[in-house]
Amino acid sequence: MSQYRPADEKQLIDVVAASVANEEPLEIVAGGSKRNLGRPPQLPHMLDVGVFAGIRQYEPEELVLTAGAATPLAEIERTLVAKRQMLAFEPPDWRMLLGTDAANSTFGGVVACNLSGPRRIRQGAARDHVLGLAAVSGRGEAFKAGGRVVKNVTGYDLCKLLTGSYGTLAVMTEISVKVLPAPEATRTVALTGLDDPRAVAAMTHGLNSPHEPSGAAHLPDAGGHARTLLRVEGPLPSVEARSQALRDELKPFGAAEILGDVDSAKLWQGIRDAAPLAAGEGVIWRVSLAPTAAPAFLSAVRAALDVDYFLDWGGGLAWLAVRGADDGGAAPIRAALGGRGHATLIRASAALRAAVPVFEPLPPAVAALSARVKDSFDPKRVLNRGRLYPEI
Amino acid sequence: MLMPQPDAAVIARRSAIAGDLRRLCAASDAVIESEDERRAYETDGLTAYRARPLLVVLPSTTEEVSRVLAYCHKNGLKVVPRGAGTSLSGGALPLEDGIVLGLAKFNRILEIDYDNRCAVVQPGVTNLGITAAVQHAGFYYAPDPSSQIACSIGGNVAENSGGVHCLKYGLTTNNVLGIEMVLIDGTVLRLGGKHLDSGGYDLLGVMVGSEGLLAVVTEVTVRLLRKPSAARALLLGFPSNESAGACVAAIIGAGCIPGGMEMMDKPAIHAVEDFVHAGYPLDVEALLIVELDGPPAEVDHLIDRVEAIAKRCGSVSVRVSNSDEERLAFWAGRKAAFPAIGRISPDYYCVDPTIPRAKLPDMLKYMAELSRKYGLRVANVFHAGDGNLHPLILYDANQPDELARTEQFGADIMRYSVEIGGCLSGEHGVGVEKRDLMGSMFSEVDLQQQLRLKCAFDPGGLLNPGKVFPQLHRCAELGRLHVHHGQVRFPDLPRF
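One line per chain: the protein sequences are Z and A, in this order.
All residue numbers for the first sequence refer to this note's numbering, where the first residue is 1 and numbers rise by one.
All residue numbers for the second sequence refer to this note's numbering, where the first residue is 1001 and numbers rise by one.
Think of the hints as simulated: they come from the structure by calculation, not from any bench.
Here the structure is a predicted model, which means the values were calculated and not measured.
Ideal placement from N, C-alpha and C gives every residue a C-beta, glycine not left out.
Some hints here could point you the wrong way.
[To be verified] In the DSS-like style, the derived pairs of lysine-lysine whose C-alpha atoms are separated by at most 30 Å in a straight line are: (1) A/K1311 <-> A/K1335; (2) Z/K144 <-> A/K1359; (3) A/K1335 <-> Z/K83; (4) A/K1074 <-> A/K1168; (5) Z/K266 <-> A/K1335; (6) A/K1105 <-> Z/K83; (7) A/K1373 <-> Z/K251; (8) A/K1168 <-> Z/K144; (9) A/K1266 <-> A/K1105.
[Claimed, not checked] Derived contacts from chain Z toward chain A, CB cut-off under 8 Å, selection only: (10) E61; (11) L180; (12) P332.
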């Protein structure tokens, strides 16, 4: 395997053009923290895009930041913190989860995989915050999409398409995102001892209240007992009033305690990074589903598998750690989901990720359209071929 | 505005085609053929452009849409999808040799699911109709384009419509969870659903804002939000546009994201005050309405903070709403801005660029120059929070060259917007109106990549041709890849 490290966009274009001509696909890498995520591509060449790093423009009052795709996420977060702003979609740090602790998580990696944390339910996903980008397509052509303003409907929204495409359509070199003010204070209302159906009911009740929770998670085994957590964020007088009101609102579900800034930060970072399951053994799945479908889904999965789990997004995201199933639990998990959601195999051996579909299999018509979309950007399928779906 | 040359042979076959289409739809009134009735569809919200469609087809079910599109695909017939026809960019402008596919009969709300905070609706349901159906339970649908009483959710999806609450609550694209859609060959697909993240390519994200060029949407799952429990507003007058702009930046810089933040310049203030007598101060150059919504404790806290910022920024007139009546009175003028302009001018033309907020003074200065150059007045209303500017150019269509001058004026504004780091359209779409300016924002390579995506959905170019893209290309030609097999070597870069 050869590894190419272009020094600028011109050289990047040359590398992609050569791989097109030779029909030899490239694996795109920046920090490498997510190399174990997705299908194992096993491609002949590696394309290191590390040179496209650095914050190019940051205007806090415009709520816009532009940076090279390979900029370390930590650098972006440091820069934003200094101006009391944030990436509101709460990008997770999955390095412990994926066993890539030493690698750097990059801006482009988070966008390419459309990774979002607990605040997804309130502020949207990574895809909702990408405003513009520059990239080189699988045709070896540099193009741009979107812009640097927060409201823009000029042309197709290629930013959404590239976000979450796992590098299979184009090599991103520069990305502009919408940033938002960081909350001044955080409180967590914590209920204890609820089973899954009661926990989902409590979270639904909280999310449907006027108190604007920005996180809702259920940890069935948090130190020997279940904890159901709702987070409120904002200015101090607001979070104090809202956390108390939320606690009152949730009285039918039992007495709740209110956790302060420090405890909340630690707790939600753990939920964001799937820490409750990351340290343990097992094959890890992340399942996006309708929140109220979670209890029945979990009960079906637990009947079929030896599994640890927790819920985020008010029940709309189930994290599972499966032990001892030949297929990692793919068949029972997808059967329980019944096509009404999306189950992704996040952590497993390369052999298992090659053997079972890592991403939810698409209905034939959507798969066919997706293949045509791939070909419209990357007709020789040289970029991250096989990372998302076989042959794509 | 140059549209594709109508095909006389297709127009000659109008009756035969109408007969075929009638066989594909159950309702006896599904196909409109008569000259008079077709005239009702000849324009949309951009009334400067008109064309009488070949036929209008109003299917009632997804199966009928599928059959109609498959027929058009097979027969090479062009299709212009249409919701409520309120597009301000000519997105639903018909073609004389193409059918208008109207979704007006898709007007049912199929499901309201409060526990999953979403509703499943047909595309012909109006934007406000969704909120009307759920507000008794304390919920609403967030995007609120000013045409919301009439515009359809299907049209909102096509145009990625916004409104005054975008900065805090997002545009249509951030509030749609799933769709059912039909490709030009009749294939029916479902994307997304009640869950938040779907894997694979974000085809839903591409569909929203695709202006009817990729597929026809037949069902939409939208997010419902709990209505904020309180809302209060400030009405702030400033001695200059600069100080008002600085106040907007200071509010955001202080970590405050208002539910709505609207600015009006002096001509707009005077026009609306004359019209609705909202009690706006007339001795100021710029007026800002800042609305804070959310839990009462937060709203009261932020009202105080914004008031202090406004005073620091030199606001000469500060009023704070203490009741909902007062808050709505602040908004009454802004909401009447378009009709107020319509009252002082026979016609007006609304432009829609988004600019970096810091460039507002530059843009206003430039527009004042253009106003002198073209001899046309301009008034400005501005979604100040997100930088989306709506200059209203006042003209009289009965004067021989005023429309042409107005269009040049608008084009100059849009080009300047791109030059200062903004875009052509913040929420109205490209349509036919901004089509020929796309080259000022995107290179030929950028546009060709967008066109290739179009080819993946609609290889024959039958869906809404003549919109968005200045030039039509054949998909085969766009897809051609120029490589020299075996001759191109990997460049001589360091390898590891």
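Structure-based check of all given hints:
Annotation: proposed proximity of A/K1311 to A/K1335 holds, straight-line Cα distance about 25 Å (limit 30 Å). Proposed proximity of Z/K144 and A/K1359 is supported: the alpha carbons are some 22 Å apart, at most 30 Å. Distance check on the hinted pair: A/K1335 and Z/K83 sit about 34 Å apart at the alpha-carbon level, beyond 30 Å; violated. Note on A/K1074 and A/K1168: the hinted pairing is violated, with a Cα-Cα distance of about 45 Å set against a maximum of 30 Å.
Note on Z/K266 and A/K1335: the hinted pairing is violated, with a Cα-Cα distance of about 45 Å set against a maximum of 30 Å. Restraint check for A/K1105 and Z/K83: the C-alpha separation of about 50 Å exceeds 30 Å, so the hint is violated. As the CA atoms of A/K1373 and Z/K251 are separated by approximately 67 Å, the hinted pair breaks the 30 Å bound. At most 30 Å may separate the alpha-carbon atoms for a hinted pair to count; A/K1168 and Z/K144 meet this at roughly 26 Å.
Distance check on the hinted pair: A/K1266 and A/K1105 sit about 43 Å apart at the alpha-carbon level, beyond 30 Å; violated. Satisfaction of the interface hint for Z/E61 is found here, the shortest Cβ-Cβ separation to chain A being roughly 4 Å, below the 8 Å cut-off. The restraint placing Z/L180 at the interface with chain A holds, with a minimum CB-CB distance near 7 Å, inside the 8 Å limit. Contact between Z/P332 and chain A, as hinted, is not supported at the beta carbon level, the nearest pair being about 19 Å apart and thus beyond 8 Å.
The structure shown violates the earlier hints numbered 3, 4, 5, 6, 7, 9, 12.
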